[in-house]
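Residue numbers (the working numbering), protein chains in the order written: chain S, 1 to 357; chain D, 1001 to 1206; chain C, 2001 to 2606; chain H, 3001 to 3106.
Hints listed in this document are in silico derivations from the structure and should not be mistaken for laboratory results.
Check each hint, because a few of them may be wrong.
[Said to hold, decoys possible] Simulated crosslink set (DSS-like; lysine-lysine; CA at most 30 Å straight-line): (1) Lys-2054(C) / Lys-226(S); (2) Lys-76(S) / Lys-2491(C); (3) Lys-2535(C) / Lys-83(S); (4) Lys-2535(C) / Lys-76(S); (5) Lys-1177(D) / Lys-3075(H).
Only a predicted model underlies this, so the values are computations on that prediction, with no experimental measurement involved.
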Amino acid sequence: MMNRWRVLKRLLPLMAGMALLLSACGRDDLSTLSPQGPVAQKQFDLMTLSISIMALVVVVVFAICIYVLIRFRRRKGDNTIPKQVEGNHTLEIIWTVVPIILLLILGVPTINTVFGLSKDYSKDPEAVQVTVTSHQYWWEFEYPEYGIKTAQELIVPTGRKIQFKLASGDVTHAFWIPSIGGKIDTNAGLGTTNKLYLEFPNEGVFRGKCAELCGPSHALMDFKAKAVNQASFDRWVAAMKAPVAMPADEKVKAAFESKCLTCHAIGETNAGSAAPNLTGVGSRLTVGGILYNDEKSVEENLKDWISHAQTIKPGNQMPDVSTNVKYGPGKGTTATGLTEEELDGIAKYLAGQKLEY
Amino acid sequence: MSAHDHQLDGHLPHEPEKATLEGRNKILGFWLFLGAETVLFGTLFAAFIALRHQTLDGPTPDHLFELPMVFAATMILLVSSLASVFAVQALHQHKVKQMIVWLIITILLGLSFLGLEIYEFNTYVSEGHKLTTSAFSSSFYTLVGFHGAHVAFGVLWIGLLIAQIFKKGLTVVTAPKIYVSAIYWHFIDVVWVFIFTVVYLMGKVG
Amino acid sequence: MAAHAHTVKRYRGLMDWLTTVDHKKIGILYLIAGGLFFLVGGLEAILIRIQLIKPMNNFVGADTFNQLITMHGTTMIFLAAMPMLFALMNAVIPLQIGARDVAFPFLNSLGFWTFFAGGVLLNISWFAGDIPDAGWTSYVPLAGPTYGGGHGVDYYLMGLQIAGIGTLIGGINFMATIINMRAPGMSFMRMPMFTWTIFITSALIVFAFPVLTVGLVALTFDRLFQANFFETGNGGNAVLWEHIFWVFGHPEVYILILPAFGVISEVISTFSRKRLFGYSSMVFATVLIAFLGFMVWAHHMFTTGLGPVANGLFSIATMLIAVPTGVKIFNWLFTLWGGSISFTSASLFAIGFIPTFVMGGVTGVMLAVAPADFQYHDTYFVVAHFHYVIVGGLIFGIFSGLHYWWPKMFGRMLNEKLGKATFWTFFIGFHLTFFIQHFLGLIGMPRRVWTYLPGQGFDTMNAVSTVGAFLMGIGTIIFVVNVIVSAANKKPVADDPWEDGRSLEWSIPSPPPEYNFKQLPLVRSYDAWWNEKQKRQRRNAAGRAGRTDPYAFAIDPSARHEHRIVRSGAGLHVRPSGRCHRRARRHLWQHVLPLRVRRSRLPHRA
Amino acid sequence: MANDHSAAASEPKRRHRHEGPQKHVVAFVLSLVLTIIAFAAVSAGEINTTFTYIILVSMALLQVFVQLAFWMHLKDRGHLFATMGIVFGIIVVFTMVIMALYWVWW
Ligand code: HEA
Ligand code: HEA
Ligand code: CUA
Ligand SMILES: [Cu+2]
């Protein structure tokens, strides 16, 4: 009943997939298949090794399967009773031992890499220390050595080890920069803080994601990791520490201070960790991690965000500025907390918060 | 249960609990249930062990626990276990009255254990050690409370079985129930051995 | 379903079904309930896929999406897959071991109704508007009192607690049944493979479900009584929940797959007309998988931060499971080898199972490589892995088993044409949906995302995946049509409708009478019914008058239930050591396996 | 295993295994002694903590063994599956205790 053609057809999805694999490895700044650093590279090497072994296993099984189905299918009217075989020692030993060997080949480098990637550079003066705190639904990056805090956009120097210490401010999230290396949970509470080191040999921007279900906007909890050269990094640190001017317009300033700085911090004003530090928002690549500033201008994105943050990121913690209407297209309305004028002023002011580095 | 297993050939066999397939099924099934109970209590123990140092501002174990009281509770339960052994012996000798006496002793000891535990919990709560105090207190009350609930259930169950014996007498139907309840009772004792070791004694040690 | 009219002798009507303690009817109840929940879970899956068909879609909102995945995962695993397995075990196990019922018929019915109540309670949440949304794993703190407001998660906790107790009862019942109720002569090493896998599955249930019970109690206490098990602010520990969930959760996935392994063993052997290859190594592999299954839970927690020692240990332990599983795969292939394979719907599903499951299994081994799992974890690669083993494994297995045992359960054949249409639409739809998800994961798509930004390379693959899901839906609908058509068909079915049946259930009428076996069978070998048929055929061929009585191999017709136990006591005896059964070749595995079977002391009839 | 019971039932004349209370009383006394040792080890105080732990755990394990074997008849014939059930439960519990000790906090 099943002829050769049908058998081939079964393989079609596999072949289509293989073709896809060859043609599309995803974006260079996002895919685990185009590693951009030694950590991701080591993981990728293990992935290739395991895929090769698995391909071998799959090919052997498929080959036997197809052969058997063609060779031993029942012909019409065939009523012979096949020989009733109980088993076969040699064969059974073969298919016990061969997988064990394959697993040994896979297991040894696995153990090596497990220990290799768990190295701790927190005492290494050459390494940059970063404390990551995750929040529903944004990322906070603190550089304890430099006394600065930023959000959504991680800036790191190339060529140095970056040692992360990760914890969560609320629920469990997971910190993941696929093309640089993955991934570690950020746990809530003391006693379960995690460590992870990464390296960024190339300059560039890499996409980061939250990889643990953390609420409605888990899907949108993106961040960026921007690797710059050491000189540029130093300039950025200096710029982050420079004083920040408040909005010139008094009305805007008053609104900004009373309605925004209750949670946010900018420059040396430090309101703690309730919301992203806004120092240098204007030069970030995105607003809120997902509104790309190369698709729309920063100012427009800021306006969108400030006026309906809840529509953009359902359930995030920036509520009372936009209305508290349930999200969904059209459901969020423009800000009620700010007048049109204040909104424009604040957006313009924030868009102007650019750092030179 | 089918009708023909009430009496085998008119007289009770030596081990009436194992005389019928139903009885043997019951015993086997009950042992499997105890395997599940082992894992159940094991998980509670694991949670307790993981959280036992998380006392926050609440009382710590070595302040809280009073060994004499725990020792008394331990003795009560141990003796009650012996009583239920004797009950099963009486069952095997078909001495129904003796069996009932031992069962009643078992129950009474179980009740006094419960009384002691309630008194103990009461004292702790008055010392500021409530379910909500800390992770330690939550896991303590859940573990010890689960055990207490098992004792309470055992008391109730054996009580009902006594009533049934009075009504129906010792038969191949009632015997497995008595036997199984005795095994249950020992199991509760075994769990208690670990509770006094892990919770109380180790709590004192630190 | 009117087809089961014949299973009842005297009464009919609703009350009979509500109060029945007959394992065959309870099996049908499980099938109806599990089947309905499968449709519900499938509908949820379709909604998930529609939401993900294109970037920034707004078909359902973020909240609803999280509710959908949570309910889909929970419903499918606890309310669809497990009950359908319970359906098969209820329908088949007592027949396969030659028993008149299970060990505890009343508990059997209690277990069903408890499961059903739990399932209904869980789904009431849809109507109450407070729906669990923290994933089927309900990780804290998201599912805890502080961040999981409302009562959604409470439905999850209560529903699973109640359903879980029903499952535990079932597990104990089937363990006791298989240990104590086997027909005379059926030693452990003569048990059909399906019976073996159910035995081991039941053991897994008995030892894994209490862990879940405690986890659910602890989280309930946290949520309802302000306890602090997982409240990180008050000294609790969120990682503890992950451990508890997975100590249960990993054995749970083998609870799902082992019965499917059993079904495949039966079906492959029947439709290739060959004895199961390497029976004793199959048994040993099953036991080993179950045992190892308890030692690998932390492979779901590689990224939790347990440290290199734990990650290394659990990596290796997990990989080891590939070895016994591989033994099974190759044994199936070599059962087919040299056989005479006929392609019925049942055997198509079984044959489709093998390559599909292997693909899911090998991605499992890839996930077991801890450093690489840092990349795979919580991405669509994992989603692809587990749907390959669950849908491509377990659901294929259930479909196979249903097509195979349908005539025995209902006394009606399923239509073969429709059956094959079910297979091909479901099979193609399945691979279309899930194959591509491997790549989605690899190129950076996390799982449990309600939407995704355009321009990340996810768009086409997601669209393809959704199309596949619809095909699976069509396949399922064809199956439902088939059921209805077969119910309308009045043609009775032979005792052994596939003609190549090998185990005892095929020696009695379809559907079996209430008491199953008129006379209790005397089992002289593995594949008892097949060997009996062969013997008769040889006798016929030799020109002697063949015995046509289908009960020719039953023991003394006057044997009463009670007697047989006494008489068979010695024959069933299993001891830790001793001689192997006379006919079974001394097998490699038997040197390791503790269960050696002593030769039956029963009088052999010529 | 269950069928042993049937063998026993069919031969009622065979001398029975747990006749008389002596064994049970011995088990009781053993349990008593083990309990007292454990309590004494803690009350005495001033012993090295690790050492106390070892004493406590071994006393508990011994006592459980005594009770399972004598009072719950696990050592008797026909308890193969009961023993397997308990032993496997203990294995699962053991892994969970390891988990609680090493992999919950770090
Ligand atoms: C039926 C269910 C089922 C089955 C059978 C399996 C089987 C296996 N699973 Fe899977 N798994 C799940 C259901 C299942 N899984 C689910 C539901 C999840 C996700 C839960 C969640 O997070 O929501 C999951 C997640 C999961 C993870 C965690 C991933 C993550 O979240 O990061 C891992 C990691 O190790 C894993 C591994 C394995 C392995 C090694 C097997 C092995 O048993 C597979 C063994 C089989 C084979 C290997 C194929 C046959 C063998 C041969 C032909 C021999 C030769 C082979 C070799 C030498 C390789 N699984
Ligand atoms: C037994 C288990 C099982 C089964 C059978 C399935 C079956 C399917 N699953 Fe599911 N799935 C899980 C267990 C299972 N799944 C689990 C545990 C998760 C993780 C949840 C979590 O993250 O917490 C998951 C998650 C999951 C996701 C990821 C969600 C996410 O991470 O965001 C997706 C996405 O594609 C998906 C799709 C599907 C599809 C298309 C099917 C298809 O095979 C379904 C086919 C069936 C049908 C299509 C039914 C058709 C019926 C009708 C059309 C009739 C309807 C009519 C009425 C109700 C009257 N599943
Ligand atoms: Cu944060 Cu997902
Ligand atoms: Cu697993």
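Hint check:
1. Lys-2054(C) / Lys-226(S): holds, 28 Å
2. Lys-76(S) / Lys-2491(C): holds, 25 Å
3. Lys-2535(C) / Lys-83(S): holds, 15 Å
4. Lys-2535(C) / Lys-76(S): holds, 25 Å
5. Lys-1177(D) / Lys-3075(H): Given that 30 Å is the threshold and the Cα spacing comes to 21 Å, the pair holds.
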